[in-house]
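Enquirer: Sequence:
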Amino acid sequence: MDPVVQFQNVTKAYGQAVAVDDLNLTIQAGKFVTLLGPSGCGKSTTLRMLGGFEIPNSGRILLAGKDVTRLPPNKRNVNIVFQDYALFPHMNVARNIAFGLELKGLHSSAIHKRVMELLALVQLQDYAARMPSELSGGQRQRVALMRALAPDPQVLLLDEPLSALDAKLRQQMQIELKSIQERTGKTFLFVTHDQEEALTMSDQIVVMNNGKVEQMGDPHTLYSRPQSVFVANFIGDANLLRAKVVGADAQGTALTWNGRQVGALPSGHAMKQGDSVLIVVRPEALRFLSVPSGEGFAGKIRKRVFKGNHTSMTIEVDDGSQLNALVHPGESEAISGEDVWLGWNPRAATVIRDESAAG
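To get the working numbering, take the position in the sequence shown, counting from 1, and add 4.
Hints listed in this document are in silico derivations from the structure and should not be mistaken for laboratory results. Because the structure is a prediction, the values reported are computed rather than measured. Do not rely on the hints blindly, as some may be mistaken.
List time: in silico SDA-like cross-link candidates among lysine to any residue, alpha-carbon distance up to 20 angstroms [said to hold, decoys possible]:
no. : residue 1 : residue 2
1   : Lys307    : Pro287
2   : Lys117    : Ala132
3   : Lys79     : Phe57
4   : Lys70     : Gln12
5   : Lys304    : Lys276
6   : Lys311    : Lys276
7   : Lys108    : Asp156
8   : Lys216    : Val22
9   : Lys117    : Met95
10  : Lys307    : Ser280
11  : Lys248    : Arg264
12  : Lys304    : Gly263
13  : Lys70     : Asn13
14  : Lys117    : Arg99
15  : Lys311    : Gly324
16  : Lys70     : Asn28
17  : Lys35     : Arg80
18  : Lys307    : Thr318
19  : Lys35     : Asn81
20  : Lys117    : Leu105
21  : Lys307    : Glu288
22  : Lys182    : Lys108
23  : Lys216    : Val233
24  : Lys216    : Asn328
25  : Lys276    : Asp358
26  : Lys304    : Leu330
27  : Lys248    : Gly267
28  : Lys248    : Gln326
29  : Lys35     : Gly19
30  : Lys172    : Gln143
31  : Lys311    : Phe292
32  : Lys311    : Arg291
33  : Lys307    : Trp345
34  : Lys79     : Gln10
35  : Lys248    : Gly347
36  : Lys79     : Gly104
37  : Lys70     : Asp156
38  : Lys276    : Asp156
Produce the complete structure using the sequences and hints provided.
Expert: Take a look at the structure:
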């Protein structure tokens with residue numbers, strides 16, 4: 005399948021500040037792709053360059069194989085949804101959705117048919133005559149989405165559109181957004197700093213940092229196999245354990261940590277015996293063992309926090325470092341101050357370079 009979007013060596017700077025640095029990125033058609041990263045990482049600038057609202061200093065942007073780098077927004081077959089929705093307050097729901105179709109000069113009957121199809125997609129058929137002020141936040145969000153989809157863009161750009169919603173509605177809209185994308189088959193390019201949001205909706209996540217792509221992949225791979233300290237820490241919580249490589253092959257990596265031999269999945273990086281590395285162990289991957297084991301290690305619970313559907317624990321091990329564990333009801337009833345025996349399945353951990361030891 006041919007890519008629908010390509011960034012080729014794209015750089016964008018504002019004076020001396022480089023927002024996007026030599027970006028190379030390919031997006032396949034029909035996917036929900038999220039640009040994820042902290043404020044200032046370049047994700048919104050990337051989105052705005054694709055939309056035509058910013059022009060790169062160098063490089064090319066291709067849309068379905070066509071160079072659109074310097075085309076104005078109205079000459080690109082994309083549309084954008086901003087976080088403030090930007091609905092026309094003096095137009096009712098139907099006219100808001102019809103706006104882009106009217107600009108195209110479509111016949112009124114075709115416009116009406118398209119508007120009603122889109123309203124049916126989000127169960128708002130009975131709201132066609134309502135004004136934006138008469139809608140809830142979630143309803144306004146749905147109308148903004150349908151207005152953006154009405155002209156049938158190749159790519160829909162979404163710049164943190166859920167950030168103004170309360171937590172419960174935001175979770176509902178995450179599911180609905182993904183459902184809309186799947187039902188329409190459109191390419192969605194979504195910008196957020198919210199890791200849970202990205203993991204929930206995306207087919208592919210592009211993690212950005214300092215204007216560059218740190219890692220790109222499906223949500224499960226990024227969470228379970230991060231390739232840098234930044235990705236490990238930014239997507240979910242991570243225990244980072246400093247270790248030495250004893251041996252590595254296609255089946256896994258043998259390591260020494262805290263005076264004992266442990267294992268982890270093979271890394272995407274080439275590693276040799278004696279290399280300093282970090283083992284990434286997610287809190288939920290730590291397991292409480294009923295009896296001491298040669299594959300486990302001792303610890304003492306220093307803090308226990310009940311969070312409803314799980315309990316978070318801080319555990320001190322014998323070298324003085326602290327690990328975070330996440331346990332679900334029935335997994336462990338250990339209390340603060342109690343000595344415990346822990347371990348992890350080597351296939352639930354991965355290895356990354358220890359960047360502080362590089363050179």
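Enquirer: Below or equal to 20 angstroms on CA atoms is what counts here, so check Lys311 against Phe292.
Expert: holds (19 angstroms)
Enquirer: Please verify whether Lys117 and Leu105 have alpha carbons no more than 20 angstroms apart.
Expert: Distance ~11 angstroms between Lys117 and Leu105 Cα, so the pair holds.
Enquirer: Checking one constraint from the list: CA of Lys35 to CA of Arg80, max 20 angstroms. Satisfied?
Expert: Answer holds: Lys35 to Arg80 is near 19 angstroms, not above 20 angstroms.
Enquirer: Within 20 angstroms, alpha carbon to alpha carbon, are Lys307 and Glu288?
Expert: holds (16 angstroms)
Enquirer: Is the Cα-Cα distance between Lys307 and Pro287 20 angstroms or less?
Expert: Holds. Lys307 to Pro287 sits at ~14 angstroms (cutoff 20 angstroms).
Enquirer: Do the alpha carbons of Lys248 and Gln326 lie within 20 angstroms of each other, as the hint requires?
Expert: holds (19 angstroms)
Enquirer: Given the hint that Lys70 pairs with Asp156, does the C-alpha gap stay at or below 20 angstroms?
Expert: holds (18 angstroms)
Enquirer: For the pair supplied as a hint, Lys304 and Gly263, confirm whether the alpha-carbon distance does not exceed 20 angstroms.
Expert: holds (17 angstroms)
Enquirer: Given the proposed pairing of Lys79 with Phe57, does the C-alpha separation stay at or below 20 angstroms?
Expert: holds (12 angstroms)
Enquirer: Checking one constraint from the list: CA of Lys108 to CA of Asp156, max 20 angstroms. Satisfied?
Expert: Given pair Lys108, Asp156 holds - Cα atoms ~11 angstroms apart, limit 20 angstroms.
Enquirer: So if I understand the rule, the pair passes when the alpha-carbon distance is 20 angstroms or less; does Lys311 with Lys276 pass?
Expert: Violated: Lys311 and Lys276 sit about 41 angstroms apart, past 20 angstroms.
Enquirer: Would the pair Lys182 and Lys108 pass a check requiring their Cα atoms to be no farther apart than 20 angstroms?
Expert: violated (28 angstroms)
Hints 5, 6, 10, 15, 22, 24, 29 and 38, counting from the list given before, are not met by this structure.
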